[in-house]
Structure formats: structure tokens, C-alpha cells
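Colleague: Sequence:
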Amino acid sequence: MVGVDNHPGSPNADKTTDHFMVIVGMGNDSVGKYFLFHDNAMGNKNVGASNENRLYCKCKEYKLEGVADKRNTYFSSDAGYKKYTVSQIRKSKRK
605 MVGVDNHPGS
615 PNADKTTDHF
625 MVIVGMGNDS
635 VGKYFLFHDN
645 AMGNKNVGAS
655 NENRLYCKCK
665 EYKLEGVADK
675 RNTYFSSDAG
685 YKKYTVSQIR
695 KSKRK
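If you're matching positions, the sequence shown starts at 605 in the numbering used here and goes up one per residue.
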């Protein structure tokens with residue numbers, strides 16, 4: 605699971621993490637290497653689990669950032685389309 609920042613401020617104690625998602629895979633395309641994520645906050649499973657949900661490795665900047673499927677309504681804003689930047693990486697717990 606990763607925490608992401610997508611706008612200034614945050615309701616969380618770290619003041620950077622606005623949202624959480626789950627990394628489910630990796631890939632490579634014309635933009636570069638990416639991590640595929642599922643956004644469990646989406647009511648539409650086709651959007652939340654879309655292959656367009658990608659966080660790209662910007663290795664020279666030491667960051668992971670990307671965009672979700674354009675149908676993701678959480679992800680759009682009046683100012684335009686938001687970008688996710690990973691702010692936390694958490695280990696998954698096994699039951």
C-alpha cells in the first residue's frame with residue numbers, strides 16, 4: 605500500500621498524504637517504467653482497477669508519480685487533472 609499526495613495540505617498527521625492505493629504490478633511503456641495501482645476508493649471497479657492507473661519512476665528525482673484512469677472522478681478537479689506523488693510506502697499485512 606502507498607500513500608499519495610495530490611494537493612497542498614492533508615488531513616493526515618504527516619501533512620502530505622491525501623489518499624491511499626495498492627500497488628498490484630509493474631510494467632514498461634513508451635513513457636517509462638511504472639507501477640500499476642488499484643484505487644479502492646472508486647465506486648466503479650473498472651476505473652479503480654484500470655490498467656491506466658500508473659505511477660512512473662522518476663529515478664533521477666527520487667520520486668514515483670503518475671495519473672489514474674481519466675474516468676476517475678476523485679482524480680479530477682476544477683483546476684484540471686491531478687497528479688499523484690507517492691509520499692509513503694507501507695508493508696502489507698498478512699492475516
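Accuracy of the hints is not assured; some may be wrong.
Said to hold, decoys possible - Straight-line alpha carbon distances no greater than 16 Å define the calculated EDC-like cross-link-like pairs of lysine to aspartate or glutamate that follow:
no.: 1; residue 1: K637; residue 2: E665
no.: 2; residue 1: K686; residue 2: E656
no.: 3; residue 1: K619; residue 2: D633
no.: 4; residue 1: K697; residue 2: E656
no.: 5; residue 1: K687; residue 2: D673
no.: 6; residue 1: K695; residue 2: D673
no.: 7; residue 1: K637; residue 2: D622
no.: 8; residue 1: K664; residue 2: D622
no.: 9; residue 1: K649; residue 2: D622
no.: 10; residue 1: K697; residue 2: E669
no.: 11; residue 1: K637; residue 2: D618
no.: 12; residue 1: K662; residue 2: D633
no.: 13; residue 1: K649; residue 2: E669
no.: 14; residue 1: K686; residue 2: D633
Since the hints were derived computationally from the structure, they do not count as laboratory data.
Colleague: If a hint holds in the structure, say so; if it doesn't, say that too.
Modeller: Hint by hint, here is what the structure shows:
1. With a C-alpha separation of about 14 Å, the suggested pairing of K637 with E665 holds against the 16 Å cut-off.
2. As the CA atoms of K686 and E656 are separated by approximately 14 Å, the hinted pair is consistent with the 16 Å bound.
3. A distance of roughly 32 Å separates the Cα atoms of K619 and D633; the hinted pair therefore is violated under the 16 Å criterion.
4. With a CA separation close to 26 Å, the supplied pair K697 and E656 exceeds the 16 Å bound.
5. For a cut-off of 16 Å, the pair hint linking K687 to D673 stands: about 11 Å separates their Cα positions.
6. Of the pairs offered as hints, the one joining K695 and D673 is violated, with about 25 Å between alpha carbons and a cut-off of 16 Å exceeded.
7. A C-alpha spacing of about 24 Å is found between K637 and D622, which places the hinted pair above 16 Å, so the restraint is violated.
8. For the given pair, K664 sits about 24 Å from D622 by alpha-carbon distance, which is inconsistent with the 16 Å threshold.
9. Simply put, K649 and D622 have alpha-carbon atoms about 21 Å apart, too far for the 16 Å limit, and the pair is violated.
10. Our distance criterion of 16 Å between C-alpha atoms is broken by K697 and E669, whose separation comes to about 24 Å.
11. A hinted pair counts as satisfied when its Cα atoms are at most 16 Å apart, and K637 with D618 does not qualify at roughly 28 Å.
12. A distance of roughly 14 Å separates the Cα atoms of K662 and D633; the hinted pair therefore holds under the 16 Å criterion.
13. Pair hint K649 plus E669 does not hold up; C-alpha atoms about 22 Å apart against a cutoff of 16 Å.
14. Note on K686 and D633: the hinted pairing is violated, with a Cα-Cα distance of about 21 Å set against a maximum of 16 Å.
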